[in-house]
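Single-letter residue listing:
Protein chains: 2
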Amino acid sequence: MNHPTAQFLLAAKQAEIKALQQLSETCLLVTRISELVHQLQRERGISNIFLASGSELFALQRQQQLVHSTKAEQQLRSQLTAQYLQATESCNSSRLLSGVCLALQGMDHLAELREQVGKQQCTALQSTEAYSRLIAAWLAVVLESADLSCDAAISRQLVALFNLLQTKEYAGQERAWGAMGLASGQLSTELAERLLLLQQAQQHSSAVFLEFATTEQQQQWHLLEQATAAKQQQQLRAMIRQLAGTKAPVPAVSDLWYQFATERMDAMHLLQAELTAQLQQLTSATVDAAQQQLQHHQSKLTELAGLPASSGLTLLIDSSMPGLYGASVLPQPVGEQSVQAPSRSFYQLLSEQSQHIRQMHAELTDARRAITEQKLIDRAKLLLMQYKKLTEEQAYRQLQQSAMKQQCRIAEIADAVVKALKPVNT
Amino acid sequence: MNHPTAQFLLAAKQAEIKALQQLSETCLLVTRISELVHQLQRERGISNIFLASGSELFALQRQQQLVHSTKAEQQLRSQLTAQYLQATESCNSSRLLSGVCLALQGMDHLAELREQVGKQQCTALQSTEAYSRLIAAWLAVVLESADLSCDAAISRQLVALFNLLQTKEYAGQERAWGAMGLASGQLSTELAERLLLLQQAQQHSSAVFLEFATTEQQQQWHLLEQATAAKQQQQLRAMIRQLAGTKAPVPAVSDLWYQFATERMDAMHLLQAELTAQLQQLTSATVDAAQQQLQHHQSKLTELAGLPASSGLTLLIDSSMPGLYGASVLPQPVGEQSVQAPSRSFYQLLSEQSQHIRQMHAELTDARRAITEQKLIDRAKLLLMQYKKLTEEQAYRQLQQSAMKQQCRIAEIADAVVKALKPVNT
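Here the protein sequences line up with chains A and B, keeping their order.
With numbering that gives the first Met the number 0 as the guide, the letters of the first sequence map in order to residues 0 to 425.
With numbering that gives the first Met the number 0 as the guide, the letters of the second sequence map in order to residues 0 to 425.
One chain only, chain A, in its complex shape (with noise of 0.2 Å):
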């Protein structure tokens, strides 16, 4: 056993602990996120109806909630500073820092934003397009993080949380439009189609999380959806169904929605808090069992250098390994390969290393496919409202109808769109 060799077997599974650490981090930024996104939708929700009802409604609730707001920033502000710009270790993924940066130029201004609505000085849609736009900023956050993951549970369990809050978002918008419209009494048929979409838009994303949600976590969400909240919204969404081009306010029935609605959202609040323990449960076990892989090599290494070199298997022997077409020997399946006395050798170590390692690449795979989906639709719908002038409403409906009409999935035509829009390189 030559010693660089045995270093780099060391090197592999530190790199591996550094890379986990890291992701233990960035899950904890996650956290936090989630924590913050979760209180600026609450934010949003209560400026929307402060702002409709000039000033008259939800005065005192936007105040504690600007308390509650500004305490999960602070939080997530300070796990930022030590994270990133404190740490020893400088983060290698511009994509995040990027991400981070622009979620951040926004909260920077919600200051201003707050104090036009205390003075009554933006529209409800003013601003509640600008409470979205900051979320979306930090959503995207979330799913870069859920891109840098080198473990696949743990990527799984990034994509679930994310399309939990993606889930959770659309159920947001649906809110305050809907609230907006049965207050106003503007229950144009436009924003009856609005609502569907936005009804549909969570169907999409709440699949996506089921498909990577633990079994437990799906039974959750299950409850969550046959709970009386969601049931009453259920009745509702059908009654604005047919209320559709009609022009009666009904402030009333505003509030019940409003209030169906936001039990609904709580109770994925919830359910987003227990993903996010578990998530850190995930990691922190995680990078224990590979510290204590770690430990297991060295001491394995240890008691191989006291031994005379074996003349075992080698790379340039195993006939398990690829090289040459047409080789003769027939491969020996693995786990039956002759077992070095009286210690197995270097070379097992290292091929069990090396199936590990390739067998945890190919697990992120699947993890993968749904955060390249999800970016693919994000890029095919930011490029349509660029160069086909849409609002990202009409990108996403264009998008979904596409699909619907060449019976395939909304990712293969974002795809599509990406591949004819794409800016052409020189």
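You may find that some hints are simply not true.
As the list makes no split between identical chains, a pair holds if one copy fits it or if it spans any two.
[To be verified] The calculated DMTMM-like cross-link candidates involving lysine to aspartate or glutamate, where the alpha carbons are at most 20 Å apart (straight line), are: (1) 418 <-> 210; (2) 418 <-> 362; (3) 418 <-> 365; (4) 299 <-> 215; (5) 421 <-> 302; (6) 17 <-> 88.
None of these hints come from the bench; they were simulated from the model.
Only a predicted model underlies this, so the values are computations on that prediction, with no experimental measurement involved.
The hints should help you fit chain B onto chain A, whose structure is shown.
Same frame as chain A, now just chain B:
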């Protein structure tokens, strides 16, 4: 402009630079690996003839070749030590390090193999197999490097290089089997089929090479394939197909075959050396450009710090940013946003950078697809070898024939095989 936000803008750029610098080092490693692989291929061919001739032929050439191989090995080893074992910043890819470790384990046992060859203690086939496994292990590291790349242009060149090396390796195996067959007069139908498979494998790899090569590199490839050596080899290939099943040794033709095949491989080596040289230039130019952008950012930030805080565009009011479905304002096309006098605002700097990073990431997707497909094929082959006890050749042939039958790409068949055979997660 808030201070931490600007720090994140710079941190994102610094992360990009750091990733590019690491990539630049990885490209140097790949250059050294390419050279070692070339020398090992030569050593494999020479050892083959030395063994087949019972030490009569190529004894001197073999001694000379061992000097070249050892030099290439030493250069690679010092690069590896400097880059991974002595570096202050540790590498964060366990996959790359694990691949290096596996290949190094093979290198550690090369001396034993050489001794066996020198003493005629192994067959030409055994020696060829051992060298081929070692070469395959190094090629896997090159593929892994391409997968780690954060820059689309560099990634494309790495994919091109990997496929050129892979083409050359199949050519080397074709040379070995052809020479053995012609010299021994054992031109069985099975061997003829194997040669055809290796020619098809060369076609597949060279097609991917051409897809990712620059126009100049494509032209050089076409020149190479139209050169005398390649044409002569084509004629001998046709002859071998006709001789299939016959049993007359033609050692003189075997020499010719070896000579033309070697000439063609040497031409590929020249192209490979140009490719690695261009890769070095490309990486330094890319790092330089990113560093200039960082300086530009820094001076812009200083400039902006001296100005009164502008109430210009922010994320919250940028209607080209996604957020609320059904937002009322039509997005403005990029580039037509109102410019802040006298200087562009911090937000615009940020938007440009985030656009740049998104664009870079999107461009990577194409190159990544080729890598993912290659890894899928490799993984499917390995699973077929392990679970169905096929040789690598049989596994590849099965994938290829299924693809032909079902009129789809090998990667799609490989995907189906991986899904069917992958170990069940617990």
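Hint by hint, here is what the structure shows:
Proximity of residue 418 and residue 210 under a CA criterion of 20 Å is satisfied inter-copy only: 17 Å between copies versus 27 Å inside one chain copy. When the C-alpha separation of residue 418 and residue 362 is checked against a cutoff of 20 Å, the pair qualifies only between copies, where the shortest distance is 11 Å, while the shortest distance within a copy is 28 Å. When the C-alpha separation of residue 418 and residue 365 is checked against a cutoff of 20 Å, the pair qualifies only between copies, where the shortest distance is 10 Å, while the shortest distance within a copy is 23 Å. Neither within a single protomer nor between protomers do residue 299 and residue 215 lie at most 20 Å apart by alpha-carbon distance, with minima of 38 Å and 51 Å respectively.
For the identical chains of this complex, residue 421 and residue 302 are neighbours neither inside a copy (57 Å) nor across copies (33 Å), given an alpha-carbon limit of 20 Å. Taking identical chains as interchangeable, the C-alpha atoms of residue 17 and residue 88 lie at most 20 Å apart whether they share a chain (10 Å) or sit on different chains (12 Å).
Violated hints, in rising order: 4, 5; the structure is consistent with all others.
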